[in-house]
Amino acid sequence: MNGSTGTVSVPFELTNHRLLANLSGQLLKGEPMASDLPPPYTALTRHPMMPRTNHDEAARFNFLTHFNRYLSGTVGAGNKLAYEKRVLPAFRAEHGRDPEHRYEIRDGMNKDAWHRVWSALKRNSMEMRQHNGRQIVLRQLDELDAMAKQFNEHSGMLELDPSVEQPHYQTSVDIHCQPGGYHSEEREDDVTVGANYDVGLFATTGGALGGLNDGGGTAVVGWAKQERPDWEPKRILDIGCTVGHNAVPIAQAYPQAEVIAIDTAAASLRYGAARAAAMGVTNIKFVQASGEDLSRWDDGSFDWVQTTMFLHELSSKAMPRILAEANRVLAPGGLILHIEQPQYSDDMPLFEQFMRDWDAFNNNEPFWSAMHGQDLKQVMAEAGFPRESQFVAGVRAVVDPEIFPPSPDEGEEDFGRAAIWNAYGAWKPSEQAVAA
Amino acid sequence: MDWVALSGKRAKGKRPEYFEDPALDRLYSTVFAMAAEVSALRERQDTIERLLDENGVVKREDIERYEPTREAADERGLATRAYVARIMRGFQQEVEAMEASDPPIMDVVERLSRE
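These protein sequence lines map, in sequence, to chains A and B. Number 163 in this note's numbering belongs to position 171 of the first sequence; there are no gaps in the numbering. Number 427 in this note's numbering belongs to position 21 of the second sequence; there are no gaps in the numbering.
Bear in mind the hints are in silico, worked out from the structure with no lab data behind them. Careful, some of the hints might be misleading.
[What the hints assert, rightly or not] Covered by chain B, according to a simulated footprint, are these stretches of chain A (three or more residues, beta-carbon under 8 Å):
id : segment
1  : 50 to 62
2  : 65 to 76
3  : 80 to 88
[Said to hold, decoys possible] For the chain A half of the interface with chain B, some residues (derived, Cβ under 7 Å), not all of them:
id : residue
4  : Pro32
5  : Arg108
6  : Ala112
7  : Gln127
8  : Ser155
9  : Cys169
10 : Asn319
What you are looking at is a predicted structure, and each value in this text was computed from that prediction instead of being measured. Beta carbons are placed, not taken as given, at the ideal position from N, Cα and C, and that holds for glycine.
Bound-form chain A, shown alone (with noise of 0.2 Å):
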């Protein structure tokens, strides 16, 4: 990759381990792990706007960050067991051929029992990081209600719109099993979703994301920097930011732009931009707006458009639609990046699809299956980012090694948690190079 626009296409295998120790050198120069043990729970930055936790609150989240990955090692190889011993004989005798869809695989898996126990451990898992962090959250709502009040109102770093609709891909099931989604409110005006999601995530991802959640933003910036070291973004726009915790990175890489952090969701945008606030960042603005409409930007007012681990919140038509909008107000020269997990193609095996696809349909991620079952690029391209100017790269959390292990990722992978992710960007040709 030479900061041109020329088109790096990266084998999915290489994105998992070659490619990526090089990308990841930051973790590799740091110390050997004294082990591969997960780091205890007191380990995260406690910011002023994360809720406390007494001692068994965090016990109770070190418990499920091992549990997870005794689930998506130690006993997730019983599924590839289940599948080669039982499933795949069974649909060869029944069909007379392999299966030729991830789907195929499901419908049998979801009768075997090995896979319906590890599954029903797995939703069992993620309901317990739930309720933990909820009760963690409810039960100190006044203070972090009145602390995110405080910071907002002297910040001046959040702007809510409360004409914005949510849409219907946000609010026709709780995306992750967290009750109320990322939209809903306990009472008027409070932080609980989005505290609720800061909270809890490092049991989700087994501390993979670093110790303020943020190993997207870290990742996209460790990317950013060794591709362009010398690149000057004033104005950036990330898409879906939730609660700020890979926009904020960007801000803090870039202290001589101005990030616009947008999100149909007030609720975590409140929590986010008091976050960002209590982290003493000042060159971002938590803006309440939908990503399928910014009218409100002219054409070319962004020198580069993110979305982190966003697109398969989507659905397939405000997709495209949203990726037109990041097309108009992005300036000629500017980039996109969308960080993902790595999209279904004819080279990755139907099991690994069958099983990145697990939480479509067990952790309400509705999007998730049609999102990285589609060519990307094509999406792109349709969008008005010609094929030429796209590349992908493969990318991982850039975190502390002294204190957080790197994401288990030679054969004991989390399908599709862990913090080792593709991006799919662009760099939109300049008008030069349109007009010629």
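Take the given structure of chain A and dock chain B to it, following the hints.
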């Protein structure tokens, strides 16, 4: 605000039924919530012991504020890993059994009675 009642609110969206008997789905929820509680109790016990070792006396506030050092965190992490392995043995051994594909024990009994 009744934070205890509110915290258990269900997420919108139909929950998959993993087992034929819904009672088993309910039972899993209870068993693993209790497993988490036992783990938290074990960790609390460890905290008390460490504080007693260090100070000879322990205040409740010290327990709530306790943050393990890196070394202590690794010891506790290893203990939690071993605990999870103990309560999950049945599941882990089922995975091993899938790999081994042992014949029914009666087949072995009959074979040994013959050979």
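Structure versus earlier hints - violations, ascending order: 3, 8 and 10
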